[in-house]
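K.L.:
Residue strings, one per chain:
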Amino acid sequence: MIALVVVSHSEQAATGIAEVAAEMGGDARIVPVGGDPDGGIGTTAPSIADAIERAARGEDGAEAVDGETADGVVILVDLGSAVMNAQLAIETLDVDYDVQLVDAPILEGTLNAAVAAASPKATLEEVVARAEEARDYRKLD
Amino acid sequence: MTEDIDQGAAVEAAVQAVADRIEAEKRYLTDLDSAIGDADHGANMNRGMQAAIEAVADATDDDPASLVQLVGRTIVSEVGGAAGPLYGGSAMIASKELADGITAETTVAFGEAFLEKVQDRGGANVGDKTMVVALTPAVHTYKKSIEQDDLAPLAALAKAVDAAQRGVDFTVPIRASKGRASYLGWRSVGHQDPGATSTLLILEALLDVAEEHLEGPVEEDATSPTVPDESASEGEDAGSDDEPAEDGE
Chain A
1 MIALVVVSHS EQAATGIAEV AAEMGGDARI VPVGGDPDGG IGTTAPSIAD
51 AIERAARGED GAEAVDGETA DGVVILVDLG SAVMNAQLAI ETLDVDYDVQ
101 LVDAPILEGT LNAAVAAASP KATLEEVVAR AEEARDYRKL D
Chain B
142 MTEDIDQGAA VEAAVQAVAD RIEAEKRYLT DLDSAIGDAD HGANMNRGMQ
192 AAIEAVADAT DDDPASLVQL VGRTIVSEVG GAAGPLYGGS AMIASKELAD
242 GITAETTVAF GEAFLEKVQD RGGANVGDKT MVVALTPAVH TYKKSIEQDD
292 LAPLAALAKA VDAAQRGVDF TVPIRASKGR ASYLGWRSVG HQDPGATSTL
342 LILEALLDVA EEHLEGPVEE DATSPTVPDE SASEGEDAGS DDEPAEDGE
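For the protein sequence lines, the chains are A and B, in the order given.
If you're matching positions, the first sequence starts at 1 in the numbering used here and goes up one per residue.
If you're matching positions, the second sequence starts at 142 in the numbering used here and goes up one per residue.
By construction, these hints were calculated from the structure, which means they are not laboratory data.
Treat each hint with caution, since some may be false.
Example chain B residues on the side facing chain A (calculated, C-beta under 7 angstroms, incomplete) [said to hold, decoys possible]:
| id | residue |
| --- | --- |
| 1 | V217 |
| 2 | S218 |
| 3 | G221 |
| 4 | G222 |
| 5 | A223 |
| 6 | G225 |
| 7 | P226 |
| 8 | K258 |
| 9 | D261 |
| 10 | G264 |
Mimicking DMTMM-like on lysine to aspartate or glutamate, the simulated pairs with C-alpha atoms at most 20 angstroms apart in a straight line are [said to hold, decoys possible]:
| id | chain 1 | residue 1 | chain 2 | residue 2 |
| --- | --- | --- | --- | --- |
| 11 | B | K319 | A | D78 |
| 12 | B | K258 | B | E246 |
| 13 | A | K121 | A | D38 |
| 14 | B | K258 | A | E132 |
| 15 | B | K319 | A | D38 |
| 16 | B | K167 | B | D203 |
| 17 | A | K139 | A | E91 |
| 18 | B | K167 | A | E108 |
| 19 | B | K167 | B | D147 |
| 20 | B | K237 | B | D203 |
| 21 | B | K167 | B | D291 |
| 22 | B | K167 | B | E288 |
| 23 | B | K237 | A | D98 |
| 24 | A | K139 | A | D94 |
| 25 | A | K121 | A | D136 |
Keep in mind that this is a model prediction, so the values were computed, not measured.
From the three backbone atoms N, C-alpha and C, an ideal C-beta is built for every residue, glycine too.
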């Protein structure tokens, strides 16, 4: 089972994106995270690391699937410091599951990833590939 | 060189001085950042450095490497922006270079490791209107002043500050191609980069503290005609060409 973490500078945006994605991939475990320590706009590495661990364990608000530990966690990010802080979070974690940051538009990528991750047999590679397909989406012909 | 206990006190004084300087210039940094960024650099840096003062005051291990590592970790936790991983994450990694205490050799190694991590993390080069534009000439000038010109660390640091100032000035007329300012495209031209500015402020505060803890006067005119002036085309492989001696004392 693959879990998702959605990182935005705005906690509300991260939560909203997770909600939109959950409509399509309702069985996927999606943990939103964002904001600076004062509740303002920003991202921090420790809060992202914590979200990764919660996503993997299926605790604390994440949609738990029998409390099963995830085989991997896929991270979707918005801009700039979210990328750097997510990378730093991955470096500081010492865990026995795979964690991968994907390069995709955050909303479309999360939605795609959630649809893929809703299947309990989905692999990390499949979820990442589905998320990154969103890079090529056109909204108008 | 001084005892570890004095070095711990010097690091603590440095953290306080940097925090004081950032606090005093908080509004200035935020004003710079509101012109070409997201207007949070002053508040973010101030939050990080104020937390660092408390963390250092409560620290049990007071050797320089542990303290700098702690400062880095605190900045990573408290700064909700790119400055967190860039300043804090880089300090965490580079702190290892201070394992043998603070010497001319270890501070050169620290500067190089810090610069390398900033460039690696942010992907920015000297021409990109970021903190790298101030940090690169500062680290290069410090290294050259110590290793080739055989200057005392205090004089070398004064030259590094001067080099950083030139870097900050250079950020004004160029277009941003990294970071939030790059979203503005040509509108970023004519504005001074906040990250390069905070780098200069930190170096200036460190020089002030070094003057109190090291002997010997600083040169009145720290500007050196030998300071390299090829900043626009250099910096891709900073730190990889000349490895400093690992066994410096």
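K.L.:
Are the hints correct? Go through all of them and say.
P.N.:
Outcome of the hint check:
1. V217: holds (5 angstroms)
2. S218: holds (5 angstroms)
3. G221: It holds, given that the least Cβ distance between G221/B and chain A is near 2 angstroms, below 7 angstroms.
4. G222: Since chain A brings a Cβ to about 5 angstroms from G222/B, closer than 7 angstroms, the hint holds.
5. A223: holds (4 angstroms)
6. G225: G225/B check passes; min Cβ-Cβ to chain A is 6 angstroms, inside 7 angstroms.
7. P226: holds (4 angstroms)
8. K258: violated (10 angstroms)
9. D261: Constraint on D261/B not satisfied, violated at 10 angstroms.
10. G264: Interface hint status for G264/B: violated (9 angstroms vs cutoff 7 angstroms).
11. K319/B to D78/A: This hinted pair holds, its Cα atoms lying about 15 angstroms apart.
12. K258/B to E246/B: holds (19 angstroms)
13. K121/A to D38/A: Answer violated: K121/A to D38/A is near 39 angstroms, above 20 angstroms.
14. K258/B to E132/A: Violated, at roughly 27 angstroms.
15. K319/B to D38/A: Given that 20 angstroms is the threshold and the Cα spacing comes to 26 angstroms, the pair is violated.
16. K167/B to D203/B: Cα-Cα ~28 angstroms, so violated.
17. K139/A to E91/A: Violated, at roughly 35 angstroms.
18. K167/B to E108/A: violated (37 angstroms)
19. K167/B to D147/B: violated (30 angstroms)
20. K237/B to D203/B: holds (14 angstroms)
21. K167/B to D291/B: violated (36 angstroms)
22. K167/B to E288/B: violated (35 angstroms)
23. K237/B to D98/A: With Cα atoms ~27 angstroms apart, K237/B and D98/A exceed 20 angstroms; violated.
24. K139/A to D94/A: Distance ~40 angstroms between K139/A and D94/A Cα, so the pair is violated.
25. K121/A to D136/A: violated (25 angstroms)
Comparing the model with each numbered hint stated earlier shows that hints 8, 9, 10, 13, 14, 15, 16, 17, 18, 19, 21, 22, 23, 24, 25 do not hold.
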